[in-house]
Amino acid sequence: MSEKNEVIKNTKITKKDMLQTFFFENFQQASFNYERIHALAFCVDMIPTIKRVYHKKEDQVAALKRHLTFFNVTPAVCGPVVGVTMAMEEAKSDGEDIDEGTINSLKIGLMGPLCGVGDPLIWGTLRPITAAIGASLALNGSVAGPILFFVAFNAVRLALKWYGLKYGFQKGLDIVHDLSGNLLPKLTEGATVLGLFVMGVLVTKWTSINVPLVVSSTTANGKTVVTTVQDILDQLCPGLLALGLTFLMMHFLKKKVNPIVLIFALFAVGIVGYGLGILA
Amino acid sequence: MTISTLQIVLIFIFSCICGAGSVLDEFQTHRPLIACTIVGLILGDPTKGIILGGTLELIALGWMNIGAAQSPDSALASVISTILVVVGNQSIQEGIAIALPVAAAGQVLTVFARTITVAFQHAADKAAEDANFNKIIALHFSALFVQALRVAIPSTLVAAYVSPTMVQNMLDAIPDVVTGGLTVAGGMIVVVGYAMVLNMMYVKYLMPFFFLGFILGGYLDFSLLAFGGIGLILAIVYVQLNPNFAKPQAAAATSAGTVADDELDDELDD
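Residue numbers (this note's numbering), protein chains in the order written: chain A, 1 to 280; chain B, 1001 to 1270.
For the record, the hints were derived by calculation from the structure and aren't laboratory data. Computed from a prediction, not measured in an experiment: that's the story for all the values here. One thing to keep in mind: the hints can contain errors.
Pairs of lysine-lysine, DSBU-like flavour, derived with a Cα cap of 30 angstroms [said to hold, decoys possible]:
1. A:Lys56 x B:Lys1126
2. A:Lys57 x B:Lys1135
3. B:Lys1126 x A:Lys57
4. B:Lys1135 x A:Lys51
5. B:Lys1135 x A:Lys16
6. A:Lys16 x B:Lys1126
7. B:Lys1204 x A:Lys186
8. A:Lys254 x B:Lys1204
9. A:Lys12 x B:Lys1126
10. B:Lys1126 x A:Lys65
11. B:Lys1135 x A:Lys12
12. A:Lys166 x B:Lys1135
13. B:Lys1204 x A:Lys255
Using the sequences provided together with the hints, build the complete structure.
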């Protein structure tokens, strides 16, 4: 471990290289393609390092080719993989016994756990929550909505990218040990609790379904009390129909039905329901 | 209203950013909340843009790109629906009805663009043979331009040729039962987005937190920000109290203790 720290202390990678890599990291999906997903992006991320540590053309060619292989990780959490790969490339250029296979298998090995935390953290929690809070302000026409969403989401995302990159680079191979510790499952579970809780709130608060079918209409003391299906459902618990509909949609999505098909199916339900007077 | 040349140019530039942003998924310029707001601003009606953005954002909450799968196209949908709503002076509900078919069409264009970029990947393989760094970087960013044009071309065409009467005639052709039904459906289709997020997040033993949110949300009149705060506190307390996370440390402490004890015993034995 102490040996690794010495390598990092004497790093050839400059601050400028780090910043350049950080800049490229913000274009992780620019050349998204169905064949190798983020392969070209990862190679571009590595270019500042490759230029810095390898000077012979054949070494550069080999390194470039090494990083043009399949790569795919939630863009916001790509930092640690890029960082650790930079550290390994530098060690390799210093003559340490690291072969291509080690570098590749480390990249592949980190993809799984990082996607495992990145997807629920970013797409399941951070974005839906910041977007929903922003949207709730925007519905009243407040410009604070879009601004809040943009600033909050990007502040977290950029911090993850920059500190992730530094963390990966400083830790080098130790990162594998670190990641197998408690940090990732803690983050994933915490994000899931927060995400699920807020989704529960959204299902009941931001869905509007109204069934105005009249169940009974009683006249007492000259006042007419009309009870609709919706009134009865709301007395049981507000939002029950929305909850049922959400679970139904989850079921169809699990059966691989395209979300756009479901959206149009609900359009059809809305039109028919409105036409028959069941929905309003 | 009619659109000036300057506005068309600005829409072209912004829809390029928006299209690039939708594949990058970094700065979120392709999300309705941002895209509708900016298009509204360009066309001189930011408030309508913001409200439409907020409405569409809730519908698109679960639209996400995970792995190789991609979502309906929120970039194209946001830009085109805002143009039609502002220029044609239409209501927000009308905007939803316009946005969703456009999002579906955009999804097809996205698949097309991501297939084209395979060629850029292969060109980069060739450039790597010569260690041509700049060419690799250039290829990477040119692929982004394909994605920018994917949104910019259709959006600019709509901006250039749309007229208020055209939008009005188009929407007048839709019978009343359909517009009313679409308004009703607008309140329901948000659940598809929720379902997408929930399916990704689904952990059976954590579902009580979902139901807690559901019940509290039904009875308490808090803002969403306040609910977010409660959720964050719940998450932190849950992680702190969870014995699964406490165990390894405790185990390490005990094992360390045992080793120390053993050593002490050994010394005592000596």
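Hints and how they fare:
1. Note on Lys56 (chain A) and Lys1126 (chain B): the hinted pairing holds, with a Cα-Cα distance of about 18 angstroms set against a maximum of 30 angstroms.
2. A hinted pair counts as satisfied when its Cα atoms are at most 30 angstroms apart, and Lys57 (chain A) with Lys1135 (chain B) qualifies at roughly 15 angstroms.
3. Under the criterion of a C-alpha separation no larger than 30 angstroms, the hint pairing Lys1126 (chain B) with Lys57 (chain A) is consistent with the structure, at around 15 angstroms.
4. Annotation: proposed proximity of Lys1135 (chain B) to Lys51 (chain A) holds, straight-line Cα distance about 14 angstroms (limit 30 angstroms).
5. Only pairs whose Cα atoms come within 30 angstroms are accepted, and Lys1135 (chain B) paired with Lys16 (chain A) is accepted, the gap being roughly 21 angstroms.
6. For a cut-off of 30 angstroms, the pair hint linking Lys16 (chain A) to Lys1126 (chain B) stands: about 28 angstroms separates their Cα positions.
7. Straight-line distance between C-alpha atoms of Lys1204 (chain B) and Lys186 (chain A) comes to about 17 angstroms, which keeps the hinted pair within the 30 angstroms bound.
8. Of the pairs offered as hints, the one joining Lys254 (chain A) and Lys1204 (chain B) holds, with about 15 angstroms between alpha carbons and a cut-off of 30 angstroms not exceeded.
9. As the CA atoms of Lys12 (chain A) and Lys1126 (chain B) are separated by approximately 28 angstroms, the hinted pair is consistent with the 30 angstroms bound.
10. Using a Cα cut-off of 30 angstroms, the hinted pair Lys1126 (chain B) and Lys65 (chain A) holds, with the two alpha carbons roughly 10 angstroms apart.
11. Annotation: proposed proximity of Lys1135 (chain B) to Lys12 (chain A) holds, straight-line Cα distance about 24 angstroms (limit 30 angstroms).
12. A distance of roughly 27 angstroms separates the Cα atoms of Lys166 (chain A) and Lys1135 (chain B); the hinted pair therefore holds under the 30 angstroms criterion.
13. With a C-alpha separation of about 18 angstroms, the suggested pairing of Lys1204 (chain B) with Lys255 (chain A) holds against the 30 angstroms cut-off.
Violated hints for the displayed structure: none, as all numbered hints are satisfied.
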